[in-house]
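**Q** Required output: the full structure, derived from the provided sequences and hints.
Residue numbers (this note's numbering), protein chains in the order written: chain A, 1 to 211; chain B, 212 to 324; chain C, 325 to 970.
Hints are computed from structural coordinates only; laboratory data are not their basis. Idealized CB from N, CA, C, for every residue including glycine. Check the hints yourself; a few may be wrong.
[Claimed, not checked] Capping the alpha-carbon separation at 30 angstroms, the derived lysine-lysine pairs in DSS-like fashion look like this:
{"id": "1", "chain 1": "B", "residue 1": "231", "chain 2": "A", "residue 2": "6"}
{"id": "2", "chain 1": "C", "residue 1": "349", "chain 2": "A", "residue 2": "172"}
{"id": "3", "chain 1": "C", "residue 1": "860", "chain 2": "A", "residue 2": "26"}
[As the list claims (entries may be wrong)] Counterexamples of contact, computed for chain A against chain C with all Cβ distances above 10 angstroms:
{"id": "4", "residue": "40"}
{"id": "5", "residue": "43"}
{"id": "6", "residue": "102"}
{"id": "7", "residue": "103"}
{"id": "8", "residue": "152"}
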Amino acid sequence: MDLNTKFTPQNWPEHAEQATMEGKNKFVGFWIFLSCEVVLFASLFATYLALKDSGPAGMDLAKYSTKALYELPLAFAMTMILLTSSLTSVYAMYHMKNFNFKGVQTWMGITVILGLCFLGLEIYEFYHYVHAGFGYRHSAFSSAFFTLVGTHGLHVIIGLVWISCLIFRNMKRGLNLYNAPKYFVASLYWHFIDVVWVFIFTVVYLMGVLG
Amino acid sequence: MAHDTHFEARSQVQQEYYRKENAAKMRSQVTQFAIMILLTLVAFASAVADFAPNFVKPFVLLLAGVQVVQQLYAFMHMEDKKAYHIGVISFFMWGGALIAFTFFLCFLTIIWW
Amino acid sequence: MSSVAQKKGFGAQVWDYLTTVDHKKIAIMYLAAGTLFFAIAGLEALFMRFQLMFPESTFVSAGTFNQLLTMHGTTMLFLAATPLLFAFMNAIVPLQIGARDVAFPFLNSLGFWLFFLGAVFLHLSFFMGGAPDAGWTSYASLSLYSPGHGIDFYVLGLQISGAGTLISGINFIVTIITMRAPGMTFMRMPLFTWTSLVSSTLILFAFPPLTVGLFLMLVDRMFGANFFDHTMGGNTIIWEHLFWIFGHPEVYILVLPAFGLFSEIIPVFARKRLFGYSSMVFATILIGFLGFMVWAHHMFTTGLGATANAIFAVATMTIAVPTGMKVFNWILTIWGGSIKVTVPMLYALGFIPSFVAGGVTGVMQAAAPLDYQLHDSYFIVAHFHYVIVGGIVTALFGAAHFYWPIMFNRALNEKLGVLTFWIFFIGFHLTFFLQHFLGLMGMPRRVFTYMGDQGWDLFNLISTIGAAMMGVGVILLVLNVLISIKSEPLNRRDYWGDGRSLEWALETPLPFYNFKQTPLVRGYDPYWIEKQEGNKEGMVYAEPVGDIHMPNNSILPLIMSIGTFIAAFGALYSPWGDQAIAGTADSVSPGLSVGLIVLGLGITVGAMIARSLKDDLGYHVHVAEIEAIEKDLAQYRATGKKGGNK
Chain A
1 MDLNTKFTPQ NWPEHAEQAT MEGKNKFVGF WIFLSCEVVL FASLFATYLA
51 LKDSGPAGMD LAKYSTKALY ELPLAFAMTM ILLTSSLTSV YAMYHMKNFN
101 FKGVQTWMGI TVILGLCFLG LEIYEFYHYV HAGFGYRHSA FSSAFFTLVG
151 THGLHVIIGL VWISCLIFRN MKRGLNLYNA PKYFVASLYW HFIDVVWVFI
201 FTVVYLMGVL G
Chain B
212 MAHDTHFEAR SQVQQEYYRK ENAAKMRSQV TQFAIMILLT LVAFASAVAD
262 FAPNFVKPFV LLLAGVQVVQ QLYAFMHMED KKAYHIGVIS FFMWGGALIA
312 FTFFLCFLTI IWW
Chain C
325 MSSVAQKKGF GAQVWDYLTT VDHKKIAIMY LAAGTLFFAI AGLEALFMRF
375 QLMFPESTFV SAGTFNQLLT MHGTTMLFLA ATPLLFAFMN AIVPLQIGAR
425 DVAFPFLNSL GFWLFFLGAV FLHLSFFMGG APDAGWTSYA SLSLYSPGHG
475 IDFYVLGLQI SGAGTLISGI NFIVTIITMR APGMTFMRMP LFTWTSLVSS
525 TLILFAFPPL TVGLFLMLVD RMFGANFFDH TMGGNTIIWE HLFWIFGHPE
575 VYILVLPAFG LFSEIIPVFA RKRLFGYSSM VFATILIGFL GFMVWAHHMF
625 TTGLGATANA IFAVATMTIA VPTGMKVFNW ILTIWGGSIK VTVPMLYALG
675 FIPSFVAGGV TGVMQAAAPL DYQLHDSYFI VAHFHYVIVG GIVTALFGAA
725 HFYWPIMFNR ALNEKLGVLT FWIFFIGFHL TFFLQHFLGL MGMPRRVFTY
775 MGDQGWDLFN LISTIGAAMM GVGVILLVLN VLISIKSEPL NRRDYWGDGR
825 SLEWALETPL PFYNFKQTPL VRGYDPYWIE KQEGNKEGMV YAEPVGDIHM
875 PNNSILPLIM SIGTFIAAFG ALYSPWGDQA IAGTADSVSP GLSVGLIVLG
925 LGITVGAMIA RSLKDDLGYH VHVAEIEAIE KDLAQYRATG KKGGNK
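**A** Written as structure tokens, this is what we have:
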């Protein structure tokens, strides 16, 4: 692949992320990796479901149960932020198709900011629980909850670092066929984080407050 | 595989058509997004409204399923039949989902201690 | 990269291997590392057998015995069989599909180094306070309360090497999907490539549950979580499920490539097309799928309930159907063939009855009521050793003889190979056949000794003699390898004379880019087709000679792996574990523990960012260079004078 090819919006290929052999491999490979993440999160979800509301004998369920702990407004705010960040990364990919590098960087930047907001809320939530005595070592329930939601949070952190690095590394380079797949794959990862979150807010929070 | 790829430039007309098509696709993405937001609202509303949990639980799960399919097929472009080996990719994704489903089944039914 | 390089110094060669992304060199590293751990685990098995040779023996203590049996199982499965199969997958699959390298050469190298450093980490436990001692299954209640750091080494070591295996699995899936030469359709792929694909898919879906299980164990032991601690509401059955969701597919991860290797060996020496190719492919996929639906048959006696046991029993028995299809296809390939009994073929012929015996006892255990009798007895030990030694180890030994000419441009000695086979094969049956009866007589597995005069003494003695014979067999094989280093280079293609698939069309020694021109595949068994049509070059080409794009070498995979290795020590000596708090395990200060974790992960993440920030475009081998290399190789093949390229 030659980095010196100068592209214009006219000759920028329609599927820039799949225009080179490396891009194609990366595209397939990353999807395959995501299918493995599906199984990884399924294991965590299943563990959480098996352990929710269970703790040492005499654990105060009026205080430490899914019903008593979770607060829907916060979960709702987090959901909205993350869903919106999914849309903003779609916008970034839209601009990539039109060879608008500035658009890509801007929308990816917005995605990062939204991701940071989400992460802030999640940290606040965790802090709140720990303060209420529901720490990581509190019970099997607390361990399972923090591990499941925390693993998702870890994915958010990785995604943020990744996208930030991308924005930074390509500032001077502009769009080319070498970094187009990188952007595309990062946005796939970000969407996947949202996919997992859809299940988290449904299975953990919504079904949790129902008891 | 080191063959220099030549990139065909689009003519002015083609370029306009291309941009228009992209914009149309983007509009449909925004519509999808609106539907997702709506589904989320419905899900949260049905959880706080005082319906029977036995109805709400399968209902919100269904909504989540719809949203995930939207994410995968619209936002992540799994609907794009021309994408590279997309058939293999959907086989792997749905295979993973099927295996994931057996985990849920197992952990919810045969762990009872 | 100069084509006519000078002979490299030792340091340069070491550096070359540390940084290589060439699938052929990574294959050699996998082979060497796998052999090392195979030898260690074999030695552990011998120690156990010597302990059990006579009743009430005191050769090793009970605690040491537990460590030996844990490390034997863990090492054999994760650190010997897996890498040895990866060695052949790396060496052969790209050649079979007509590719110049794997899809992600960098990840290939990363996968190897993660595996290797994870394995080294696990083995350091012997020198740092005792090895893990809760069995290779490491059931939670037992392992949670195991004192010392043994289990911590197990959890962290397997976590690291498991990540490496997962990365390699993804790499092979993508390689086989996207890197096939023109004309190499899915239904023309050789069986070894097919089984590698299915086995990699199983890795893809089976390793995440293991990762999760190990992670839960890690935080339970080292950071005070409560997943498996029933006093805190935890549930030890979750570990059993997560482990076996991984553990059962793991068996197929190992045995499917072994099936593939035999499916390559048998047609070559029966000199007949593989019988029932499409049914073989179908059976492979079916085994892969069913392999995921049967894990709870390891837990019949856990008390899952009659319904669950019945479902899993039936599912387990259905696996016998596709496996039977394969066995009959092999037999029918041999049937009526013009058979040449070489060493690889000997292993194949020994494999079929041995593996069938292991399969049949497997179906016996699938019957849940009978399993209540057989569970945790030597019958189980006999069963899975028939499957693993009779299926996988014979495949590895056979494939070593079979593919040695391609991998090293040398042949292993046939006469010594035949001797090795018979000693190993007889030793194997002596060791494990009688263990069926020991099990039926009531001898439990995993015991470090037993009382005399229960009718077990003679069988145990014979079993130990058999194990010693297996040891002799392995030593002879290693000897054979050493002899081969000094033997004459072959410098030819199609060493066995009857090769069928693409890898045999290549003349050894191979240039680093494998194929000067990408081949065009015109059917199943492409080399056979070309030979039939009298094509002297062995293949037709899909492209003219042109510049070849190759990936750059990199030291970063090793650095990333070293980072995880350092971080693992930080976690190991965590002061927040239940045992560290109770003072029953040594820990370090919080500062040092966090410091090591941060330092290690910092190195790993830093190396990743460094990788991301640099454009790594690879390089082109230009036509003139290719011609020079080819000339150099031709001269070497003719005169034996070394050029630059091996």
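**Q** It remains to establish, for every hint, whether it holds in the given structure.
**A** Cross-check of the supplied hints:
1. Simply put, residue 231(B) and residue 6(A) have alpha-carbon atoms about 23 angstroms apart, close enough for the 30 angstroms limit, and the pair holds.
2. This hinted pair does not check out: residue 349(C) and residue 172(A) have alpha carbons roughly 37 angstroms apart, beyond 30 angstroms.
3. Distance check on the hinted pair: residue 860(C) and residue 26(A) sit about 37 angstroms apart at the alpha-carbon level, beyond 30 angstroms; violated.
4. The beta carbon of residue 40(A) sits about 4 angstroms from the closest Cβ of chain C, which is not more than 10 angstroms, so the claim that it is off the interface is violated.
5. For residue 43(A), the shortest C-beta to C-beta distance to chain C comes to about 4 angstroms, within the 10 angstroms cut-off, and the non-interface label is violated.
6. For residue 102(A), the shortest C-beta to C-beta distance to chain C comes to about 21 angstroms, beyond the 10 angstroms cut-off, and the non-interface label holds.
7. Against the 10 angstroms criterion, residue 103(A) stays outside the reach of chain C, whose nearest CB is about 22 angstroms from its own CB.
8. Consistency note on residue 152(A): stated as away from chain C, and its beta-carbon is indeed over 10 angstroms from all of that chain's, at 13 angstroms minimum.
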